[in-house]
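J.: 8 is the number that our numbering gives to position 5 of the sequence shown; each next residue is one higher, with no gaps.
Misleading hints may appear alongside valid ones.
Said to hold, decoys possible - Ranges of calculated distance between the beta carbons of each label pair, as one might list FRET restraints:
#1 A30 / T109: 43 to 53 Å
#2 A107 / A30: 45 to 55 Å
#3 A64 / T109: 27 to 37 Å
#4 R72 / R111: 16 to 26 Å
#5 D136 / V92: 39 to 49 Å
#6 T43 / L9: 48 to 58 Å
Said to hold, decoys possible - EDC-like, lysine to aspartate or glutamate: derived pairs with alpha carbons at most 20 Å apart:
#7 K108 / E42
#8 K108 / D131
#9 K108 / E85
#10 K103 / D136
#11 K103 / E31
#12 K103 / E146
#13 K103 / E20
#14 K103 / E34
#15 K108 / D13
#16 K103 / D13
#17 K103 / D22
#18 K108 / E11
#19 K103 / D68
Simulated from the structure, these hints should not be mistaken for lab results.
Yeah, the Cβ is synthetic: ideal placement off N, Cα and C, and Gly gets one too.
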Amino acid sequence: MSDEPLFEYDESVIGVERDVGTLEVTAERLERYCEIVGETNPRYVEDGEAPPSFLQRMRFAPGPDPRVRFGNVTFHAGSRLEQLVPVRVGDVLTGYAQAKEVYAKTGRSGTMVFAVRRLTYRNQRGEDVAYSDQTTVHRQVGE
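Given the sequences, and given the hints that come with them, work out the whole structure.
T.: This is the structure we're talking about:
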């Protein structure tokens, strides 16, 4: 008999990229963002380059959902943004979402199932600009 935790998810969506929308980086959007977050670095305020955190503000349609079936509680476990090249005013970014992986870990508090979703930002030249990974945890709390 295996000690592996029992959980289910839709394996067919793992690694499958879906176009979830396109947005243009405009001077107005960048200026407004810098104003809201109090950004004063001339690189971002005057030179038309977007701070890395600007990408997190962009909203796209939902991506593939692995529909994890485990536990009775789900919560956000973390975010990671890796910027590969600068984003500038005039760039047109397309978001490509995927369910990257689902895995389980067992520790002191029991088993937790992690679901990682990735959003790839790609510019008008077809270059990957950044990757944003979002992780959720599913676990059983109580009976």
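J.: Now tell me, hint by hint, if it's right for this structure.
T.: Hints and how they fare:
no.: 1; hint: A30 / T109: 43 to 53 Å; result: 50 Å, holds
no.: 2; hint: A107 / A30: 45 to 55 Å; result: 46 Å, holds
no.: 3; hint: A64 / T109: 27 to 37 Å; result: 34 Å, holds
no.: 4; hint: R72 / R111: 16 to 26 Å; result: 24 Å, holds
no.: 5; hint: D136 / V92: 39 to 49 Å; result: 26 Å, violated
no.: 6; hint: T43 / L9: 48 to 58 Å; result: 52 Å, holds
no.: 7; hint: K108 / E42; result: 39 Å, violated
no.: 8; hint: K108 / D131; result: 31 Å, violated
no.: 9; hint: K108 / E85; result: 24 Å, violated
no.: 10; hint: K103 / D136; result: 9 Å, holds
no.: 11; hint: K103 / E31; result: 33 Å, violated
no.: 12; hint: K103 / E146; result: 30 Å, violated
no.: 13; hint: K103 / E20; result: 9 Å, holds
no.: 14; hint: K103 / E34; result: 33 Å, violated
no.: 15; hint: K108 / D13; result: 18 Å, holds
no.: 16; hint: K103 / D13; result: 12 Å, holds
no.: 17; hint: K103 / D22; result: 15 Å, holds
no.: 18; hint: K108 / E11; result: 14 Å, holds
no.: 19; hint: K103 / D68; result: 10 Å, holds
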